[in-house]
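A.B. asks: Chain residues, written in single-letter form:
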Amino acid sequence: MIELIFAELYKESRKASFKVFTLLIIFVSIFSLILINKNISLESEQIVSYPQYSLGEYKEVNKYGSYEQYLEDYANYEQIIEKEIKKSTSNSNSKIKILFSYYPMFLFAIGLITIFVSFHILSYDFQNKSIRYLFMSDKGRVKVLFSKIFASVLISIFFAIVLFFVYLFMLSLLTRENIFLEGIYIFIGESLKLIPIVLYYFVKTFFYIFLMAFTSVITIFLTICFRGSTIALIISNVIYFCSLLFSQLFFSYGYTFIKYTFLPYMDFTYFEKPSSVALNNLIYNLDLSLVNAFSIMSVYGLLFIILSLKFIKRDV
Amino acid sequence: MEKVIEVKHVTKEIGNNLIIDDVSFALEEGRIYGLVGQNGSGKSTLLKIILGLYDSSGEVFINGKNLRNNFSEAMKYVSGIVDYVSFYDYLTAYENVRYFSMVYDVHFSKVREVLDLVGLDAKDKKPVSKYSLGMKQRLGIAISLLKEPKVLILDEPMNGLDPIGIAELRKLLLSFKDKTIIISSHIISEIEKIVDEVLFINNGKIIRKSIKREDDRIPILFRVNDYESAAKVLDNPLLNEEKAIYMNDLEVAEAVNKLSKSDIDVYRVESESLESELLRMLEGVNND
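Those protein sequence lines, which keep their order, are chains E and H.
Mapped onto the working numbering, the consecutive letters of the first sequence carry residue numbers 41 to 356.
Mapped onto the working numbering, the consecutive letters of the second sequence carry residue numbers 7 to 294.
In isolation and in its complexed conformation, chain H is listed as follows:
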């Protein structure tokens, strides 16, 4: 698949603090990526760098265009919301989107289209100040969609949303099949439900790129009576360390079968949550 975002050796210092430390990765078209990390790990800074809001050393390519040397071209392909959604509170949703359609030089017919897409009423005369947070999030996404970006970046989009709002947002994001979406969130259980891959960030470094849905493989934890023997049977040293192994359903069934035949008691087989995975990662990094 085509790489829509390439980040090469990006470093960012704010004051004397190193926020992003020589980060490099590439993201493919049409996939949903989660950016996961503790508070202050550099998630928002990284997203702001990709959105051209922060200057940094290193290179960022969006759809092959260098953000520094070819800003205008690169920015045609990327849009998003960072930190929190913000608009002109005294304007209606239609007026807000109409304003940004002029800023982005988009035909005004697109205004109703994006509002319909996110489920907001273009005829609503209420000023945005009277909107709920969920409606504001959707309005933010509508504005971001005006440019028809290939990459949509959402920083903590689920912050402050109630469960219904989160479910609606999830449904909306999953409907954007052709877009590469990067979502950062501290509600890891929610990210887990929609992302294809997860980037773990810690102290400004991408510590792991975890594949969540590639070939239906997910991290699996085996609870057995003898981890050493199980590791030998499945030929995977991770098992000896009681760590998760990426497997699809068929592989899990085969593994359980093998373990049973080798007289190893399998107490429980469970998929590892993203949260446990993050904690494990951090533990590993801290031990190193």
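Chain E with its partners taken away, still in its complex shape:
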């Protein structure tokens, strides 16, 4: 199994696309950060707080849930925000914090690269029939499938780590501050805790790696189903980018079962401002959370792997 994973990494690392993606991540993040840094104004950057909805507004935005409950949630939310502002240090709106707040957006973009990597790692084999050489190995099809999944996840981890270090380097360069001393307040349990911002975003990287792994499993499943056709790539992209839209659409027609599918959880940037949870109609009404995301996506990931194992046994 390890040899198979190494074989895939050996092959993929020689692809021109691998080098292009690596350079793309480096240069796009560098230039974007330079651009963001030029345009940020510390004075105008405030902790975002959402205004309270009137009953009419609430009814328009939230199809479900009582207005009284909402008011109660909003009061809690206001208290949280107030606490955060009071407890924050004077440099709470530092450049480091602001620049780092764009980091999840870049991680989300790496998910797109994950889709391409996962698709091409298998589609080439189907299209060029080299899959037959792989299936002729005494390792068996199951190990071949897992090696492809693991290899694409490892490549995504590599891209995420490249992004993380480019980010650290650029933040140090642009702010000329010791970024390791910068802290951020986050909720751990019920209370706000100050933790190093670098650690916070490093941990966050792994949340996104989980999302990338799930995306990779879906893409590989679709690639097997469609035998390497680009339809798999298109569907994977649609799922990745439009799942939240579909979820909101389903929900607006009263289909609350959508919360039990993986669709509302595909965009982790949706969870980026935890204090706004009470105000976002989908998250609020369907009680979406990262914990639910991990459990639901794990179940669906397992399901897609089982289906992939079934479909990969077809004649090639």
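Since the hints were made in silico from the structure, they are not lab data.
Heads up, the beta-carbon is just placed ideally off N, CA and C, and yes, glycines get one too.
Warning: the hint list may mix true and false statements.
Stated by the list, open to error - Derived lysine to aspartate or glutamate pairs resembling EDC-like cross-links, with alpha carbons at most 20 Å apart:
#1 E:K59 / H:E12
#2 H:K132 / E:E52
#3 H:K116 / E:E222
#4 E:K169 / H:D127
#5 E:K55 / H:E101
#6 H:K82 / H:E12
#7 E:K353 / H:D61
#8 H:K177 / H:D202
#9 H:K211 / H:E12
#10 H:K9 / H:D111
#11 H:K82 / H:D95
#12 H:K185 / H:E198
#13 E:K137 / E:E52
#14 H:K71 / E:D178
#15 H:K185 / E:D178
#16 H:K183 / H:D122
#17 H:K183 / H:E35
#18 E:K183 / H:E79
#19 E:K183 / H:D89
#20 E:K183 / E:D307
#21 E:K55 / H:D95
#22 H:K156 / E:D178
#23 H:K177 / H:D127
#24 E:K169 / H:D61
#25 H:K267 / H:E234
#26 E:K55 / H:D130
#27 H:K211 / H:E19
#28 E:K169 / H:D89
#29 H:K249 / H:E276
#30 E:K183 / H:D111
Claimed, not checked - Just a few of them, taken from the derived set where beta-carbon distance is under 8 Å, the chain E residues facing chain H:
#31 N168
#32 Y173
#33 M176
#34 S177
#35 D178
As the list claims (entries may be wrong) - Derived Cβ-Cβ restraints for the label pairs, each shown as a range:
#36 H:R74 / E:G294: 56 to 62 Å
#37 H:E34 / E:T301: 53 to 59 Å
#38 E:I346 / H:S282: 50 to 56 Å
#39 H:D61 / E:F156: 53 to 59 Å
#40 E:F156 / H:K129: 28 to 34 Å
Fit chain H to the supplied structure of chain E, relying on the hints for placement.
C.D. replies: Coordinates of chain H only, in the frame set by chain E:
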């Protein structure tokens, strides 16, 4: 000789079409087998079943290991190319073989060895996309040889090759003395030059296993003035039907002698080509 491949009652349906119909045969170690049949006769399907690429009913044993129950063990002994050779075009020949050496868990020192064996340069920096078809065929064989298989399966390996490419491939295959090789090809005249035995397949059934080189016997056609009498003299009813008889050189000489002594004019004695043999077989099957 040891049986390296045993196919027992293998049947394969694709959709509602019966592609392989209750086929059984056994192949011995160290021999070269030709698989001959018309387009759509089931050649490729049969080879894919033996290579574990197609599921089927019935049993396939490779070196005594059941392909279904003991896939990993069975697949250690068999390798090949089906339909057409395919690789990672953006990699060099060395990188392609190196990749598959990792997949097959073979030590990397074997990479240069197999490339040398098929006459490809391990130091060549050209991507495989720039290779000629003949070079690609050789690369495919190099990859297949990585596992040191006892059985090498080549489906239409001469397709698209020029005469020099065909001659090189033939020379290469004949150099693998210890391997059982199964070759399917529609260029029957080329197969004929290298195979020891031929399996004729028609409508998913093996219609005949013909021995080409056993004791130097080859199918001989006699052109005589009186086939009925010749059949009686040689005590072989096939002659009366103007069909080929398997004979070695000595037997041919004796037969000609006998016929001459019986006042039967022998106009011509010729070896029957595999192609005529196939056509005759098909004619026989269709008449039945």
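A.B. asks: Taking only the CA atoms, is the gap from E:K183 to H:D89 under or equal to 20 Å?
C.D. replies: 24 Å, violated
A.B. asks: Starting from the range 53 to 59 Å, see whether the pair H:E34 and E:T301 falls in it by beta-carbon distance.
C.D. replies: 57 Å, holds
A.B. asks: For a C-alpha distance cap of 20 Å, please report whether E:K55 and H:E101 respect it.
C.D. replies: 12 Å, holds
A.B. asks: Would you check whether E:D178 satisfies its interface hint, that is, whether its CB is within less than 8 Å of any CB in chain H?
C.D. replies: 4 Å, holds
A.B. asks: Would you check the hint for E:K137 and E:E52, treating anything up to 20 Å between C-alpha atoms as holding?
C.D. replies: 35 Å, violated
A.B. asks: Note whether the CB distance of E:F156 and H:K129 lies within 28 to 34 Å or breaks it.
C.D. replies: 32 Å, holds
A.B. asks: Below or equal to 20 Å on CA atoms is what counts here, so check H:K82 against H:D95.
C.D. replies: 26 Å, violated
A.B. asks: Less than 8 Å between beta-carbons is the criterion; does E:S177 satisfy it with respect to chain H?
C.D. replies: Check passed: Cβ of E:S177 comes within 5 Å of chain H, closer than 8 Å.
A.B. asks: Regarding the pair H:K185 and E:D178, is the alpha-carbon distance no greater than 20 Å?
C.D. replies: 19 Å, holds
A.B. asks: Measure nothing beyond the straight line between the CA atoms of E:K183 and H:D111; if it is 20 Å or shorter, mark the hint as holding.
C.D. replies: Since the Cα atoms of E:K183 and H:D111 sit roughly 13 Å apart, the hinted pair holds (cutoff 20 Å).
A.B. asks: Does H:K249 pair with H:E276 here, judged by a C-alpha cut-off of 20 Å?
C.D. replies: 12 Å, holds
A.B. asks: Holds or violated: are the alpha carbons of E:K59 and H:E12 at most 20 Å from each other?
C.D. replies: 48 Å, violated
Going down the numbered hints, you'll see the structure goes against 1, 3, 4, 10, 11, 13, 19, 20, 36 and 39, while the others check out.
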